[in-house]
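Student: Here's the letter readout for the chains.
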Amino acid sequence: MSLVPDETLALVGQEIMRTSGVAVLREGQRYAAAVRDANPLYHDDAYARRYGYRGAILPSLFLQYLVMGAYRLDELRKDGGAATGDAAGIPLPDCPRIMAGGVDWRFHLPVYDGDVVEHTRTLAGIEEKRGRSGSFVLLTSRNTYRRQDGELIAESTSRLIARPAG
Amino acid sequence: MTIERWFEDVEPGMELPASRLAVDPVQMFFFSAATFNGHRIHYDRTWATEVEGYGDLVVHGPLQAALLVRTVTDWIGGGGRLLEFSTQNRGAALLPDQLRFTGRVVRTREKDGQHLVDIELAGQKMDGDEAKTIMPASATVALPEPGR
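Those sequence lines, one after another, are chains A and B. Letter 99 of the first sequence, counting from 1, is numbered 99 in my numbering, and no numbers are missing. Letter 115 of the second sequence, counting from 1, is numbered 115 in my numbering, and no numbers are missing.
Because the hints were derived from the structure by calculation, they are not lab data. Where a beta carbon is used, it is the ideal one built from N, C-alpha and C, also for glycine. Some hints could be false.
[What the hints assert, rightly or not] Quick list of the computed label-pair ranges, beta carbon to beta carbon: (1) B:132 / A:99: 16 to 26 angstroms; (2) B:45 / A:150: 41 to 51 angstroms; (3) A:155 / B:50: 35 to 45 angstroms; (4) B:55 / A:71: 22 to 32 angstroms.
Based on the provided sequences and hints, a complete structural model is requested.
Tutor: This is the structure we're talking about:
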């Protein structure tokens, strides 16, 4: 029996999410503080300009958070995670246990305070696999992050592993 | 921490300075807050152990990824550019695991006028002096050449 419903398979190649957000330097600095990353590029305009930037930049990996919506707490899953998480919009009723598998990033442009970023996610693949601990589903999605002028900031390919309950 | 890392000074086999650390609940709280992450496995020990079966609170995978990026960006300094970064999640880190983040240059090359360095990275869980890689990763950076 397949773990992937036909209507979910039909989503391969489709855009499954589109979000946008405004880059706020202070939010990037808070993220860097939480990482204990004291890189002056995130704080010091003069330092950043010395290296060819227009001013302080946001941390590269913060891109994925600045486009996140402000979801309502009464819409969270029981485990406190966002129902709008990485597997949102991909119905897999037989595989409720979702784990991150990994991400490949390509960065093209820095992000500055005030940039408007548009994110799109396309479901690139769904594969049913059999591993040591039973069957699972590998979901691959492609993300693009573009600036307000259409320039590509970054791309990522992320892999999620969805397993049956139990 | 103003460092200048020039392409001509880098060779395959070179090690990036490793960091060894233990993430604590305060840092995990701030990381959840900064990334608007409500997942209980990062702050609700009863949930993490009794419902999800972990031995303790779970350190965020994206925090480990960010610590690997820090390993790279601290090494390249302001003049380097992070172009590519890939991670694989192999296992969970729990409180109060000792973690280590390492990197090693595997290749230097030139492409389209850019001076590129490929780096192999590892997020590791320490058991005494034994390291178990729980997040293998890689990065490609561009470094400046003197006079350019």
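Student: Indicate, hint by hint, whether the structure satisfies it.
Tutor: Cross-check of the supplied hints:
no. : hint                             : result
1   : B:132 / A:99: 16 to 26 angstroms : 18 angstroms, holds
2   : B:45 / A:150: 41 to 51 angstroms : 46 angstroms, holds
3   : A:155 / B:50: 35 to 45 angstroms : 40 angstroms, holds
4   : B:55 / A:71: 22 to 32 angstroms  : 29 angstroms, holds
Of the numbered hints given earlier, the model fails none.
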